[in-house]
Amino acid sequence: MEIEKMNQENKAKKKGSVGNFFRSNKFKRGGMATLMSVVFIAIVVVVNVLVSALSNRFPSMNVDLTAEKLNSLSDQALEIAKGVQNDTDIYLIGDEEAIRKDRVFTSYNLKYSQVANLADKLQEANSRIKVQFVDPDKNPTFISEYASDNLTTGKVLVKTEKRHRVLTVNDMFSMTQSQTSSGYDSYSMVDSALAAAIESVNLDKVPIVAVATGHNELLNSSSRTALDSLLEEENFDVQEVNLLTDEIPEDTQVLMLPTPTTDYTEEELQKMRDFLSKDGPMVDRTLFVTCHPTQGELPKFAGFLEEWGVKVEEGVVAETDTSRVFSTNASYIFADSAEEVLKDNTYNLLVSPTTAPLTILFNANDDIGVQKLWVSSDSAYAAKEDGDTENPETSEQVLATLSSRMVQDGNDIYTKNVVVFGSSVTFTDTFLSTSTFSDRTYLTDLFHYVTGTDDSAVTVVTDKVQTNKLDIAASSGTLSFLGLGVFTIGLPLIILIAGLVVFLKRRHL
Numbered sequence: 028m029e030i031e032k033m034n035q036e037n038k039a040k041k042k043g044s045v046g047n048f049f050r051s052n053k054f055k056r057g058g059m060a061t062l063m064s065v066v067f068i069a070i071v072v073v074v075n076v077l078v079s080a081l082s083n084r085f086p087s088m089n090v091d092l093t094a095e096k097l098n099s100l101s102d103q104a105l106e107i108a109k110g111v112q113n114d115t116d117i118y119l120i121g122d123e124e125a126i127r128k129d130r131v132f133t134s135y136n137l138k139y140s141q142v143a144n145l146a147d148k149l150q151e152a153n154s155r156i157k158v159q160f161v162d163p164d165k166n167p168t169f170i171s172e173y174a175s176d177n178l179t180t181g182k183v184l185v186k187t188e189k190r191h192r193v194l195t196v197n198d199m200f201s202m203t204q205s206q207t208s209s210g211y212d213s214y215s216m217v218d219s220a221l222a223a224a225i226e227s228v229n230l231d232k233v234p235i236v237a238v239a240t241g242h243n244e245l246l247n248s249s250s251r252t253a254l255d256s257l258l259e260e261e262n263f264d265v266q267e268v269n270l271l272t273d274e275i276p277e278d279t280q281v282l283m284l285p286t287p288t289t290d291y292t293e294e295e296l297q298k299m300r301d302f303l304s305k306d307g308p309m310v311d312r313t314l315f316v317t318c319h320p321t322q323g324e325l326p327k328f329a330g331f332l333e334e335w336g337v338k339v340e341e342g343v344v345a346e347t348d349t350s351r352v353f354s355t356n357a358s359y360i361f362a363d364s365a366e367e368v369l370k371d372n373t374y375n376l377l378v379s380p381t382t383a384p385l386t387i388l389f390n391a392n393d394d395i396g397v398q399k400l401w402v403s404s405d406s407a408y409a410a411k412e413d414g415d416t417e418n419p420e421t422s423e424q425v426l427a428t429l430s431s432r433m434v435q436d437g438n439d440i441y442t443k444n445v446v447v448f449g450s451s452v453t454f455t456d457t458f459l460s461t462s463t464f465s466d467r468t469y470l471t472d473l474f475h476y477v478t479g480t481d482d483s484a485v486t487v488v489t490d491k492v493q494t495n496k497l498d499i500a501a502s503s504g505t506l507s508f509l510g511l512g513v514f515t516i517g518l519p520l521i522i523l524i525a526g527l528v529v530f531l532k533r534r535h536l
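For the sequence shown, our numbering begins at 28 and goes up steadily by one.
Hint data in this document are derived by calculation from the structure and do not stem from the laboratory. There could be a bad hint or two in this list.
Simulated DEER-style distance windows between Cβ atoms [said to hold, decoys possible]:
{"id": "1", "residue 1": "T386", "residue 2": "Q159", "range": "52 to 60 Å"}
{"id": "2", "residue 1": "R130", "residue 2": "T292", "range": "46 to 54 Å"}
{"id": "3", "residue 1": "T461", "residue 2": "S350", "range": "38 to 46 Å"}
{"id": "4", "residue 1": "S249", "residue 2": "E277", "range": "41 to 49 Å"}
{"id": "5", "residue 1": "E334", "residue 2": "D405", "range": "24 to 32 Å"}
{"id": "6", "residue 1": "H191", "residue 2": "E274", "range": "46 to 54 Å"}
{"id": "7", "residue 1": "S304", "residue 2": "T386", "range": "19 to 27 Å"}
{"id": "8", "residue 1": "R190", "residue 2": "S154", "range": "19 to 27 Å"}
{"id": "9", "residue 1": "S171", "residue 2": "T292", "range": "16 to 24 Å"}
27 Å max Cα-Cα, derived BS3-like pairs, lysine-lysine [what the hints assert, rightly or not]:
{"id": "10", "residue 1": "K298", "residue 2": "K109"}
{"id": "11", "residue 1": "K189", "residue 2": "K128"}
{"id": "12", "residue 1": "K370", "residue 2": "K327"}
{"id": "13", "residue 1": "K232", "residue 2": "K327"}
{"id": "14", "residue 1": "K327", "residue 2": "K338"}
{"id": "15", "residue 1": "K186", "residue 2": "K138"}
{"id": "16", "residue 1": "K305", "residue 2": "K327"}
{"id": "17", "residue 1": "K138", "residue 2": "K109"}
{"id": "18", "residue 1": "K399", "residue 2": "K411"}
{"id": "19", "residue 1": "K305", "residue 2": "K232"}
{"id": "20", "residue 1": "K338", "residue 2": "K370"}
{"id": "21", "residue 1": "K298", "residue 2": "K338"}
{"id": "22", "residue 1": "K370", "residue 2": "K399"}
{"id": "23", "residue 1": "K399", "residue 2": "K298"}
{"id": "24", "residue 1": "K327", "residue 2": "K298"}
{"id": "25", "residue 1": "K327", "residue 2": "K411"}
{"id": "26", "residue 1": "K138", "residue 2": "K128"}
{"id": "27", "residue 1": "K189", "residue 2": "K109"}
{"id": "28", "residue 1": "K232", "residue 2": "K186"}
{"id": "29", "residue 1": "K298", "residue 2": "K370"}
{"id": "30", "residue 1": "K157", "residue 2": "K138"}
{"id": "31", "residue 1": "K165", "residue 2": "K186"}
{"id": "32", "residue 1": "K128", "residue 2": "K157"}
{"id": "33", "residue 1": "K128", "residue 2": "K232"}
{"id": "34", "residue 1": "K138", "residue 2": "K165"}
{"id": "35", "residue 1": "K186", "residue 2": "K157"}
{"id": "36", "residue 1": "K189", "residue 2": "K138"}
{"id": "37", "residue 1": "K411", "residue 2": "K298"}
Note that the coordinates shown come from a computational prediction; the quantities given were computed from them, not determined experimentally. Note that the Cβ used here is the ideal one computed from N, Cα and C, for glycine as well.
Could you put the whole structure together from the sequences, leaning on the hints where they help?
Put into structure tokens, the structure is as follows:
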């Protein structure tokens, strides 16, 4: 009996002690601390999830820590995006994860994720802009719809119901030999390239530059990549046309003959005359001709050019003044812009390499006037195989010309032009893909001048931004403070101290 009574008393004491524990301050304070810890952790988790979701929905919430603000839209690009009135699709060709994690063009050390980051921000700026990823391996049907554009991983397709435009890696990035090391400097034009493409596909009407083919042209598609990119950046639609089999597209404003090496037929020449006829559409039109000393004789075409007051001579223009040549090559001469055309602009350094000399046959004849565009110095001469190279006869050489016919329609005046450049090398990638020379700027202005689009809605300026610089825009002292002081030592130490304080307080409750 006594043993049983003792057991009951012990049970009562244990029950009482358990009850007392739950009612004690020690339990209340300890429980409250535990509850607050659980609530705090839950809040952190929820906030992290919300921030992640919001940053995906609003990419501008992501802080751009790159030195050159590579993941931030320029004011110019943002303005263009906000002004879009048509549904515009940006298709990034490639696997989304590979693009976002810089696994595209890794061998070139490019930060290709910038393309996705900026596309996201363009989409955020205007609900009419939509960004989609198209994996060529998973969606071959989409790729086949644009077979002529050869959509491969790394390209970008920008599209509206009016037209589409394809950007290649060369349109968005460039690499040049470093001046300070044996490596390469990489540059980004992603911001301006995307903005220009969006603007281009949203324009109501885009002037066409039709490039003639079919005569073994020296300035072919592989050597004029920079020229085509330049024209597309300026919102010209570049198309190829075979004059023998095709009609010149109706909206063509520039018909380019990129250094043909075989002569044109009478039928083709008649198409050129019809294209430049004063009885044709009331719009500025231009035949743009490039030449080279080795292209050979083209008697029929030569006769056509003489109708417009220009003759392409034999030989190559060379300089006797070594200060007027580039890279010690006597035929890579510095040119001067004639004052009559584009006189309001300044061009610091024009280079006219391997140039066939031109002769102006008349300054004015009936309704056609001829002007100089580029000229050499007085110390240049036309070098020929049988000429005197020791004591040549020097004089100013004509390197490029503009022939114009004025057409009046009521109060409006339009021009039908023939532009002739003695150098087709000027239009190659070597001279148009660099800012060292002014050739690119001059040709941009000239194309706008002859098409009457110099006051157009084209607003995008392509700026190259170096990408292989220090990514974080901060001094080395700041980086050390943030990396070592705050994240490596500071935060862990604060957490450790807070944990010890809570532990010691709970231990003495």
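Quiz item: Which numbered hints does this structure break?
Solution: 3, 4, 6, 9, 10, 11, 12, 13, 29, 33, 36, 37
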